[in-house]
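Chemist: Let's have the full structure, built from the sequences with the hints guiding it.
Chains as they are written, first to last, in my numbering: chain A, 1 to 596; chain B, 1001 to 1196.
FYI, nobody ran anything at the bench for these hints, they're computed from the structure. A hint or two may mislead.
Said to hold, decoys possible - On the chain A side, residues computed to face chain B include the following (Cβ under 8 Å): (1) H167; (2) G175; (3) E178; (4) G179; (5) I350.
As the list claims (entries may be wrong) - Quick list of the computed label-pair ranges, beta carbon to beta carbon: (6) A:F125 <-> B:K1169: 16 to 24 Å; (7) B:A1115 <-> A:G552: 57 to 65 Å; (8) B:K1169 <-> A:G412: 37 to 45 Å; (9) A:K554 <-> B:A1128: 29 to 37 Å; (10) B:G1143 <-> A:G313: 54 to 62 Å.
What the hints assert, rightly or not - Straight-line distance between alpha carbons at most 25 Å, and here's what the computed DSS-like set of lysine-lysine pairs gives: (11) B:K1169 <-> A:K554; (12) A:K2 <-> B:K1169; (13) B:K1169 <-> A:K372; (14) A:K526 <-> A:K515.
The beta-carbon is built from N, C-alpha and C at its ideal position, and this holds for glycine as well.
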Amino acid sequence: MKEYLLGNAAIARAIIEAGACVVTGYPGTPASEIVEYVAPFSSKYDIHVEWSVNEKAALEVAIGASWAGVRAVAVMKHVGLNVAADPFMTLAYTGVKGGLVVCVSDDPFCHSSQNEQDSRCYARFACVPCLDPADPREARDMCSYAFELSEELELPVLLRPTTRVSHASADVEMGRIEGDRAKAKFLKDPARWVMLPAHARPRHSMLLDKQDAIKTALANVPWNRFVLRGDIGVIASGIAGLYAEEALKQLEVDVSVLRIGTFPPPEGLCSEFLVHVTKVMVIEELEPVLEDYVERLARTYNPDIEILGKRTGHIPREGELDTFIVRNAIADMTAQQSEVVLSLKEAEEILPPRPPSLCPGCSHRATYYAMKKVFGKDAIFPSDIGCYTLAVRMGTIDTCLCMGASITVASGIRFADEERDICCSIGDSTFLHTGLPGLLNAAYNKANITVTVLDNSTTAMTGHQPHPGTGFTASGDETKAVSIEAIAKVLGADFVETVDPYDVNATIECFQMAKDHQGLSVVIAKQLCEITARKTGISRKPYRVNKENCTGCKKCVEFGCPAIEFEEGCARINSLCTGCGVCAQICTSKAIEVLE
Amino acid sequence: MRTSICDIVVVGVGGQGVILLSNMIGKAAVKAGYSVRGAETHGMAQRGGSVVNHIRLGCEFGPMVPVGGADVLLAFEPAEALRHAHFLSRDGIVLVNINPILPTTVTTGKARYPALAEILTPLQGLCADIKSIDATELAFKAGNPRTMNVVMLGALSKFIPVREEELIKSLSDSVPAKFLEVNRRAFELGKREVEL
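Modeler: What follows is the structure, given as structure tokens:
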């Protein structure tokens, strides 16, 4: 039976079908839905599914399960693998028992990320195999195969979809869900599981010795294949292979094609292809991983071949590819006419930009309003990763580097002897992810800064996943809810106050106290995410503008809520109003009132 | 040479139900026996930003409609129609909901929202036909303003090679039973709007 599935759902389906016992992850676009699709099946198929507090925890939990002999998966976005890089690199030495798939979604073009690093480089760095699916069907099939490959080689396998695979949909064949699974039994083997230097050295040799076995295993998989036509060729990896095939069909040219879906690529197939062609274009997204491999191989098999790609400027190294870009590159190589696209520049110039923004009624906007009132625009506002980074237009986001870096960057700016006030902000989920060591570090090293935890009781940006502060697990079971306030105190902050950002005066007062406090202060601005509030049935009466009182001062408009417009000299509140009431408190002429 | 049977690009603003609607179309097309490819916008852009989804019927290639290849541009918002007009094929058509959603750049006075004619005129030169639809009003008429996307689905049903029954079936599978009636009315109103 075929179903129309999102790439991430297809991967989740393969995980369930393969009989995985432990599935972990930390939310991150474009990978989040994988864990979410597995979670509802946790009790039916006895799968431990968890949102871990961060990617390092996620991978280590999955490693423990694999070492105990069962199949396990850790899911994260590309930058999450940086957080999990420590266990990942040494995991290659110890290897695995139960099949272990590390599923990492890359995000070319930074659709929803702070960088566009290429996870294939991590696989090469760690000397483990990597599978690069072109579409949801391949993602599903590769995920099933990854468990087998992992068990055959006793190595973790990196499954690396990209945004256009994870968030693509296709008709996908549904498979059978395995009935029997290995029973967990951790076998003690210190030479293998205890990475003392004396154990690590021989494991490193063994890992290097395994490289031939990896090549043999990947030599005949269906995702590496070629069609030999003319003596000009295209070699393309993952989704770039689909763009190339479509471009060739549109151009109707006689070009040979080699599609690659694995790293390391298959030497036999690649060398056979290189001998056949005189000129080749290597097409892949992000880093020239395949291209550099082809360059090296060509030295042996066809030194005279002309190789075009990123190194020659024919294929961009940043952003994502599409059929249009690939078509023009191939047309250029084959001396065909490139496609001409109508210039819409003039038409587009009249369009107002529509950047994503904080939702109507979002409490973060209110928190930042109060923060700016107290600290002023000259203060320094390091921030972090989450919806709240969208408040950059409010002037209260001065830095955003990586998960958890707000508090530490703020500390560094202070220790550099910057004299102005410093107030940083971090969301609740991010605080629990990697903010904790940063706060502990700030307390220990006596950083005189204010830390604001924007606590909306969810991981909002990635689709409202629970975290340890919410009292619920990934599968919806109740669990202990940790108190952010208690954590902040125990980590060493001596000023810790919780405030409701919808109460503007109280929040201003709270920030004022935090600012006046000498030493580390923590303000927890706590209010439900507006989207969660709506879903749980909380509804407030919307507000309206009483035109007679409105002076047209635009204070409410400048607040930036999408529910507030300005027309004919007056503010107007539109149907998006959620009734948070913050604008009514900001208005100095009492012109905003509840719509009865 | 064509590389799909029908290429559709659905555009709108985060929160208008672009993803939900695209999924209904994709599911119906799979039931109808097509090989289907789709691409969605998730994550940051969903927070009130510009959202683009692609659906390709009878296609074995990548999930994104190539620039200049869309047979139908289904736009839930006029400015978004023009913003994504580069996807249109010269033989393609535009189905556009004429009700603007003002971005914060406009509400805060930093940018101007153009008049409807300023948006539709340049579009006219780019494609075979434009159907302007007051979908927000029709959704009100159907009984719930949130069915605007289904009004647009009804209009779309006249221009894609998927039978109406398949789309309705997909709609019934996607919305709660108590909202089915209002959604069916919305579908019907959208369909009738382009029949006239």
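Chemist: Against the earlier hints, flag every one the structure doesn't satisfy and list their numbers going up.
Modeler: 2, 3, 4, 6, 7, 8, 9, 11 and 13
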